[in-house]
Structures are given as C-alpha cells and as structure tokens.
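Here the protein sequences come in this chain order: A and B. End of the first sequence sits at 487 in this note's numbering; the numbers just go up one at a time, nothing left out. End of the second sequence sits at 487 in this note's numbering; the numbers just go up one at a time, nothing left out.
Incorrect hints may have been included.
[Claimed, not checked] Here are the simulated SDA-like pairs of lysine to any residue, each with C-alpha atoms no more than 20 angstroms apart in a straight line:
1. B:K45 to B:D57
2. B:K45 to A:E353
3. A:K45 to B:G355
4. A:K45 to A:R439
5. B:K45 to A:A348
[Said to hold, decoys possible] Cβ-Cβ distance ranges computed for the label pairs, FRET-style:
6. B:P11 to A:A232: 38 to 48 angstroms
7. B:G249 to A:P229: 37 to 47 angstroms
8. B:D15 to A:S385: 24 to 34 angstroms
It should be emphasised that the hints constitute simulated quantities derived from the structure, not laboratory data. Note that beta-carbon positions come from the ideal geometry of N, C-alpha and C, so glycine has one too.
2 protein chains.
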Amino acid sequence: MRTSPSLASGPEGPDALRPLLDTVLDALSEGTRARGGPLPRGGPKAVAARLRDAVGDVLPADGDPNALHTVVHALAETAADPAAPLCTAHLHCPPLALATAADLAASALNPSLDSWDQAPGASELEALVTGALAREVFGSGGAEDASAPPPATPTTRLTATPTALITTRLTATPTALITTGGTESNQLALLLAREAHGAGLRLVHGANAHHSVPRAAWLVGLAEPVVVPAPAGVLDVAALDEALTELPGPHLVAATAGTTDAGLIDPLPEIAELCAAHGARLHVDAAYGGGLLFSDRYRARLAGLDAADTVTLDLHKLGWQPVAAGLLAVRDPGDLAVLHHRADYLNADDDTEAGLPDLLGRSLRTSRRPDVVKIAVTLKALGRSGLGGLVEQVCDRARDFADLVHGHPGFELYDPPTISTVLFRPAHADDDAVAAVRRMLLTDGRAVLGRARTDGRLWLKTTLLNPHTRPDDLAALLNLVEGNTPG
Amino acid sequence: MRTSPSLASGPEGPDALRPLLDTVLDALSEGTRARGGPLPRGGPKAVAARLRDAVGDVLPADGDPNALHTVVHALAETAADPAAPLCTAHLHCPPLALATAADLAASALNPSLDSWDQAPGASELEALVTGALAREVFGSGGAEDASAPPPATPTTRLTATPTALITTRLTATPTALITTGGTESNQLALLLAREAHGAGLRLVHGANAHHSVPRAAWLVGLAEPVVVPAPAGVLDVAALDEALTELPGPHLVAATAGTTDAGLIDPLPEIAELCAAHGARLHVDAAYGGGLLFSDRYRARLAGLDAADTVTLDLHKLGWQPVAAGLLAVRDPGDLAVLHHRADYLNADDDTEAGLPDLLGRSLRTSRRPDVVKIAVTLKALGRSGLGGLVEQVCDRARDFADLVHGHPGFELYDPPTISTVLFRPAHADDDAVAAVRRMLLTDGRAVLGRARTDGRLWLKTTLLNPHTRPDDLAALLNLVEGNTPG
Numbered sequence: 001m002r003t004s005p006s007l008a009s010g011p012e013g014p015d016a017l018r019p020l021l022d023t024v025l026d027a028l029s030e031g032t033r034a035r036g037g038p039l040p041r042g043g044p045k046a047v048a049a050r051l052r053d054a055v056g057d058v059l060p061a062d063g064d065p066n067a068l069h070t071v072v073h074a075l076a077e078t079a080a081d082p083a084a085p086l087c088t089a090h091l092h093c094p095p096l097a098l099a100t101a102a103d104l105a106a107s108a109l110n111p112s113l114d115s116w117d118q119a120p121g122a123s124e125l126e127a128l129v130t131g132a133l134a135r136e137v138f139g140s141g142g143a144e145d146a147s148a149p150p151p152a153t154p155t156t157r158l159t160a161t162p163t164a165l166i167t168t169r170l171t172a173t174p175t176a177l178i179t180t181g182g183t184e185s186n187q188l189a190l191l192l193a194r195e196a197h198g199a200g201l202r203l204v205h206g207a208n209a210h211h212s213v214p215r216a217a218w219l220v221g222l223a224e225p226v227v228v229p230a231p232a233g234v235l236d237v238a239a240l241d242e243a244l245t246e247l248p249g250p251h252l253v254a255a256t257a258g259t260t261d262a263g264l265i266d267p268l269p270e271i272a273e274l275c276a277a278h279g280a281r282l283h284v285d286a287a288y289g290g291g292l293l294f295s296d297r298y299r300a301r302l303a304g305l306d307a308a309d310t311v312t313l314d315l316h317k318l319g320w321q322p323v324a325a326g327l328l329a330v331r332d333p334g335d336l337a338v339l340h341h342r343a344d345y346l347n348a349d350d351d352t353e354a355g356l357p358d359l360l361g362r363s364l365r366t367s368r369r370p371d372v373v374k375i376a377v378t379l380k381a382l383g384r385s386g387l388g389g390l391v392e393q394v395c396d397r398a399r400d401f402a403d404l405v406h407g408h409p410g411f412e413l414y415d416p417p418t419i420s421t422v423l424f425r426p427a428h429a430d431d432d433a434v435a436a437v438r439r440m441l442l443t444d445g446r447a448v449l450g451r452a453r454t455d456g457r458l459w460l461k462t463t464l465l466n467p468h469t470r471p472d473d474l475a476a477l478l479n480l481v482e483g484n485t486p487g
Numbered sequence: 001m002r003t004s005p006s007l008a009s010g011p012e013g014p015d016a017l018r019p020l021l022d023t024v025l026d027a028l029s030e031g032t033r034a035r036g037g038p039l040p041r042g043g044p045k046a047v048a049a050r051l052r053d054a055v056g057d058v059l060p061a062d063g064d065p066n067a068l069h070t071v072v073h074a075l076a077e078t079a080a081d082p083a084a085p086l087c088t089a090h091l092h093c094p095p096l097a098l099a100t101a102a103d104l105a106a107s108a109l110n111p112s113l114d115s116w117d118q119a120p121g122a123s124e125l126e127a128l129v130t131g132a133l134a135r136e137v138f139g140s141g142g143a144e145d146a147s148a149p150p151p152a153t154p155t156t157r158l159t160a161t162p163t164a165l166i167t168t169r170l171t172a173t174p175t176a177l178i179t180t181g182g183t184e185s186n187q188l189a190l191l192l193a194r195e196a197h198g199a200g201l202r203l204v205h206g207a208n209a210h211h212s213v214p215r216a217a218w219l220v221g222l223a224e225p226v227v228v229p230a231p232a233g234v235l236d237v238a239a240l241d242e243a244l245t246e247l248p249g250p251h252l253v254a255a256t257a258g259t260t261d262a263g264l265i266d267p268l269p270e271i272a273e274l275c276a277a278h279g280a281r282l283h284v285d286a287a288y289g290g291g292l293l294f295s296d297r298y299r300a301r302l303a304g305l306d307a308a309d310t311v312t313l314d315l316h317k318l319g320w321q322p323v324a325a326g327l328l329a330v331r332d333p334g335d336l337a338v339l340h341h342r343a344d345y346l347n348a349d350d351d352t353e354a355g356l357p358d359l360l361g362r363s364l365r366t367s368r369r370p371d372v373v374k375i376a377v378t379l380k381a382l383g384r385s386g387l388g389g390l391v392e393q394v395c396d397r398a399r400d401f402a403d404l405v406h407g408h409p410g411f412e413l414y415d416p417p418t419i420s421t422v423l424f425r426p427a428h429a430d431d432d433a434v435a436a437v438r439r440m441l442l443t444d445g446r447a448v449l450g451r452a453r454t455d456g457r458l459w460l461k462t463t464l465l466n467p468h469t470r471p472d473d474l475a476a477l478l479n480l481v482e483g484n485t486p487g
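Bound conformation, chain A alone (with noise of 0.2 angstroms):
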C-alpha cells in the first residue's frame, strides 16, 4: 500500500497541519513582501502572466512537493490586500487574524451542515449564533434604541425620528439563516416571499436596490421588478407609495440599510409603515448597514429594522470575517417551512422522530462548511462591545477623511457619510479623468479606489473597512489622486 498524503482532522491532524502551516506563513510573508504595496504593478494582463509563470502547470501528470509554496505565494504576490490602508474601494474588509484562524478549524474538522452526523456540534453552535443574531435584529430593537442618542453626524438623507411604528410582538422566536453572502441572503428571501405569496408576487425594489436584488428575482422565476426611483440616493416614499396604490399586488417591498455606492439608509420606518398599510412583505438588505446593529452610537439609524419580515446580514462586511459571513434573519420562523426538504439518506422520518436533528431546511446547499465557527469565536471574543468599537473607528475615520476632503480646495466631497463610505471627486475633473485616474492608480499598484454614479457624475469612492487605517493614510491617498489626475 502507498503512503497516502496527511489528512487534516483525527489525532495526528494538528501535527500535519503545523509544518504545513509555518509554509503558508512564509510564502505570505515573502509574497507580500514581492508585492510591496495595497496590490500587483502592470495591470490585468501583466498580472494574470506573473501568475501563470509563478504557478506553472497547475495539473501535472505527477505532484510538485513544493505546490503548497509556490501557489501561496504566487496569491499573495498578486492579492489586493484588503489590510493596506489605500485599499478602499469596496465591501471588502480586512479580516481579523482571529477569525482566519478560527476558519482553520471549520476547514480541518470539515463538518457540513446538512445532517446531524456530519456535524453533532457545529449545528448546535449554528442554532445558538444564528438565534443571538436574529435577537439583535428583531429582539427589543426598538424599546432598546428609543434612549440611545441621535446619531453623531445627521445628513438630510438620514431618518433616525422614531415613530409610532408597532411592531407586531412576536410569540415565535426569530432565528437566522447562515448564507455565502448578501447575495445568497437576498435569494433566500425573494424565494421565501415567493413562497409565501406566489409566483405572482411583485418585487418593488428602489433605484438604489443592490445589483443582486432584481438579478435574484430573476432567478427565482419572478415577473420584472417594478423600481422605484432614489433621487437622493435612497428610496423615494411617495413614489413607493404610489406603487403600491397603482400596481396590483402581492408585493414585496425591498429596502436597503447601507448601500452600496454611498452607504446611504432608506428610511426604513416610514417604508415599514407603507408596507403595513399596504399588506406588502418587507425585505431590508442591511449587508452592509446591518453592522451598526453591534453599536451603541450608531444602531438608532436602524430603526424600523425589526419591522421587516426578513433581513440580509453580511459579517464579511462591517464584521471582518473572511468571506463566507452571509446571513438571512427571519422574523417568523414558519417562512422556513417552505425549504423543508426530506432525503431518506439524511432525515428520514424515523431518525427525525428518533430525535435525530433534520438540518436540511436550514439552507438550499446540501453539504454545507461552518461558517458559523469563525463568526461563534469573533462575537465571543470581541464582544458586542469590541466589534461596536470597530465600527465606530471606520465610521470615524470615515468622517475624518471626509473633513479632509471637505477642507481641500482641490476636491469636492459629495455628503458627510452614514456608514464609512465617502464620495468624492478632484474638483473641476471631468468623468474621464475621474474613472483614468482610479485605473491609473491600479495599474500602477499604488492604490485601489471604487467608483460610483450618482447625481448623473462619476465620483471616486472610498469604503472604510480597516480599523487600522490613520488619518495619515488618508491624507496620503488624497495627494496620491490629486497628483494623478489626468489635464
């Protein structure tokens, strides 16, 4: 018999796994290092070359002992390093160090979730983060955020006036779904409403809806989302309103807590109010908002949350967990009834009434990796106090970059932010030169900065993610496009 290669788990896995381990800890090292700043110089083409080279075949008739080195280092030598302060463009956080190593034990136990006897622990450790999650969005919310103060920077598209919004009050407990992103959560939740009401259900969804959201009701097989406009880059009510008065229903209403161009909030107690007077479903994408749920400074701007039947969380955004960090809370946990699923090998009745635990309903994936296990150990370890403290630093840094934009006479900044997103653009540049000089600034490997159109203009955005970033980081990034600026 031949000697089989390592395996992960069972008592020699950790002794495995060590040396194997100090190798990818080396190759990040020196692969960074061969990168030298936030990502690869040259641009796609001489990029994808320095990988081929580094990589070589990558299916050999026999194995290269040195693979696990070289591949590591050729990634790393190539990333875009989330953890470089000048790498801002997207929803695209550095994540903790604890979490990543957290990760590693979802990846050497390898439980998968979609039967109790693939996973006798994770799936309890499921139920329990899944349930403090769902508590955070639908729990005492409200009462619990009638006495925090306002927030700290209130722009005019901001609605944080409470209401005399009620709640229905809930006898079932609400519970979350844990999902590959907002993306997937955002599928999950056309296809719950879709259930609920029937194919013929409407999606109404803002202007200002992320891309995801008309693309999942395609998938799922629904007529065209009606859109409403977002003329001040979030959701208009009135207009909302007269959607729902003109169109036939059912509907399903779609908000967004965070967007993704600006980090703008909708003003989700006054959409809750429309829905309920309308009898339409609420749907609040809050994969980026949804954050500010962990503190105490900033969770008042998601008022009206607990009122949505169903909420996308994503904790590979303001959460620094590697991605996959999705999540779905469901406020009534008879929607879930719907993706009940038997398969005699995984829950046949007579082992569900032998008390054997039937996880298939809990995801539309059938073997399923613990994304629960790095999310258990942040919460756990940081607290709600800790990862509260790690929004408030974005958002402040945020702020400050703003400031800094606000005060120069060289930029226009396009609105104090909500979140940690801050649009802004070299004054008297043109579109052209905006969208040259951010993909001068990437092929030359010296920053990576987003893009946005809003108010029929191109602007450059940044996304703080990194609670590391200084305000002279940010200062950096700023001479680095006013140096660039093409004319």
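Mind docking chain B on chain A? Use the hints.
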C-alpha cells in the same frame, strides 16, 4: 485611539496569525482527545447541551480572551471526525492537511472573485484551474479512454462498453464555474438550461437522482419534473426514450454518475445518444463519480460524460477538499452569456473596455471566496497520478469491504461497489433493526454509518472516502454492527 485586534493580512498578518494558529491546533488536539471516538457520545440532546455549556454566551457584552480556544475545543470535542476510519456514512471526506493549510491563505488574503481589483491574481488562478478541469471532462476524454483497460470489477449496472457515439467537435473552449458544491452546480445547470430553452423546459431525471435536482427545478421556477424509473438503481434507458418521445419538449435530461445511495453510474453513452436523437439537453451530476477522471484505471467508467452540456463535479467528495469545492463544467462557454451581469461599481463598460476583466458573470454570488486556492494546491501537489492513486485506494478498500461482507454468513451484500459505496445489512434483520443499529452506534459515539432504501429494503451504507482506512478497520466495523444489531 483604542487598540484594534490584529488583521490576517498585510506585512504583520503572518506574525499575528502564528500564535493564534497554535491555539487552534492545541484546541483541536485536546478536543479530539476528549472526544475519543469517531463522534461524541450521548446522542443529539446530550451533545447539544455539552456544546452549549462549553461555549457559553456567544455574544457577550464584553469580549472573552479565551474564545478561540473555547469554541474550537468544543467544536472538536463534538465533531463527527471524517478522518476516523469508522466515520463512513456520507460523501463527507476527510480533507487533506495540504488543502486545509492552503485554504488558510484564502481566508487571510480574502480575495473576492467579483471584481479584478479585489482578486487580481486569484481570478487568473481560477481561470487556470477551471480550464484544466474542464479539459479533464470534455477535452480528449473519449479518445484517450478507448485504450484504457476495462474496469476492475464490472457489475451488471455498469455500462463501460465504448459506443459509436460521436461527440460534437468543439470550436470554443469548455470552461467551469466554481460553486459551493454539487447542489449549487445542479442549480446553475438548470438555470443555464432554462435560459437556453425557456421557462417551458421540462426536466426529466431518474428516480435515482440527487434530491437537489428536483429542488433546483423548484428554485428556478420550472414545472414539476418528470421522474423516470431506475429499478436497478440506474436510470432506465427504455423508460427515458419513452418519456422523451411522448412528452412535449424542450427537455433537459439529468443523469447521475455516482448515485448518493449506491454509487452507481447511469448508462451515459446510451443516455447521450437518446438526448442527441431527441434534441434534449444533457446534464450529468458527477458530484461523486467525477473523481474517477483522475484515475487511469477507473476513468473509462465515465465514458459518455463528454457528451453532456453541463457536468457537476465536487472536489469535497473524491477530491479531499474541505467544503466548499464544487464545480460546474460547461461544454459551450457561450451558455454562460446569460449570467453576464453589469454593476457599475464592479464592471463598468469603460473599465471593461480599458482591459479590466469582468468576473461578475462567473457566479450567481457577488462576494466570493477563492475556493480555487486549495484546489490548485492539491492538484499541483498531487498531480493526476497522486489524485488517481487516492481514488483507487478508496475504491480498492470498498472492494475489500464488499468481499468481507460477502464472505460473512451474518451479512448480506447489496452488490459489488462501482465506486466506493457498499450497501449491506445483517442477514435476517428487519428494517427496524437495521435503522436501530445505525442509531445505536451513532448515539454511543462508536461509528457513523449511512442508510439507503433500495430494492424496497433498508440497507446500511458505508461510503469509503478515507484513504488511510485499513482492512482491520473494516473488520472492526463489521464486528460492531454484528454485535449491536437488535433481535
């Protein structure tokens, strides 16, 4: 400014990770020792209570510095360990230490495959690996295998006869998408078929298909599928011919290469011929059987696979990856045009024109973890010969076990294995006793066996995926079942 917890990437990332990884490895060792067997003792309620007590509050007000050790230890103590030789129920493989270590790099650098500026190198690595795997499926498959030796243990259910089927020569290069597993691959296959043929498409699948196939039809809004009988465990070709002749099209036929219950392979060449004759589209779910592609000895069993339009593969089965490592191989890359999706912040027209790759159409997800990293390291480190050797080892072990069962007067063997699944039952036991012995061994923490209902009777199932399992382990497993069957 308060101190923030360390990040996983950047120049300081590896040093921050090192002590945390030590904590994880120690907690894995200690938790595994505390468990002492393939799974924890006591059954669902007791195990859940043990985990809850060990973990405590998952979202405390303030952080707990021991959280990483606490949670990982509890997880290991309450895991069903896929590396334990008596953990042999499901398509739930023990991951290679190598793949597990490589996955750490994906977590640490956190590339997200929805835009080039979040994954400059990872996106090229994915292109390399998916291209190589698509070539394994569609490449020169048929021609190459014509000279391969016949399968080692032919069974009446296996169709290994070369056929005169001429597959269409390709002008475009086949490709593959990376998914969360066989289930998402099947969903994507149905979506691509729906878009190619319209929502009137009729899915036709065998009674032996994985449950995710009809579930995917429900997800994407297709009509109730037509189920073709599979009395011998594989799709009945005459019944398929009849269904395709009588029912109005367009049709999508879903065949299986490696059934979940018995590891059988549908007669792919005949099915492909029928699809060609009736103008039906063909999808093959090779989530389990696809791994045979790596073995020169077993590859010929997949003859006909290259005639499919889409093929589900899953390297967290016969590929020894931590979940998730699914793929959907697509013969005609033009089929993917319907996934094309535009989001100004990720793939604006002017960016695409300027040469930034557009990655959004490679998945239904948006943020997407580079599961390709661990796959690339494994393929390169083992090569085709190394992976093929592992496949052959577990198939050989399954044959050994089948021989053991067959030679034992106290047991009945369902059939010699086609891949690595063996169904067996204690002779003279009724179904209740079969179900009971499995649950007893689960509750006592002594063995994880699967179950399958076929031929109208309930069987115990072992799916041998552990290349380290020895003949002794198999004898011990059989003794355990013998000694614990009631009645």
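To see whether the hints hold, each was checked on the structure:
1. Distance check on the hinted pair: K45 (chain B) and D57 (chain B) sit about 19 angstroms apart at the alpha-carbon level, within 20 angstroms; holds.
2. Taken as a hint, the K45 (chain B) and E353 (chain A) pair is honoured in the structure, with Cα atoms around 13 angstroms apart against an allowance of 20 angstroms.
3. For a cut-off of 20 angstroms, the pair hint linking K45 (chain A) to G355 (chain B) stands: about 8 angstroms separates their Cα positions.
4. Proximity of K45 (chain A) to R439 (chain A) is assessed by CA-CA distance (about 14 angstroms); at most 20 angstroms being required, the pair is judged to hold.
5. Taken as a hint, the K45 (chain B) and A348 (chain A) pair is honoured in the structure, with Cα atoms around 18 angstroms apart against an allowance of 20 angstroms.
6. Taking 38 to 48 angstroms as the suggested C-beta distance range, the pair P11 (chain B) and A232 (chain A) conforms, at roughly 41 angstroms.
7. Taking 37 to 47 angstroms as the suggested C-beta distance range, the pair G249 (chain B) and P229 (chain A) conforms, at roughly 42 angstroms.
8. For the pair D15 (chain B) and S385 (chain A), the supplied restraint of 24 to 34 angstroms holds, since their beta-carbon distance comes to about 26 angstroms.
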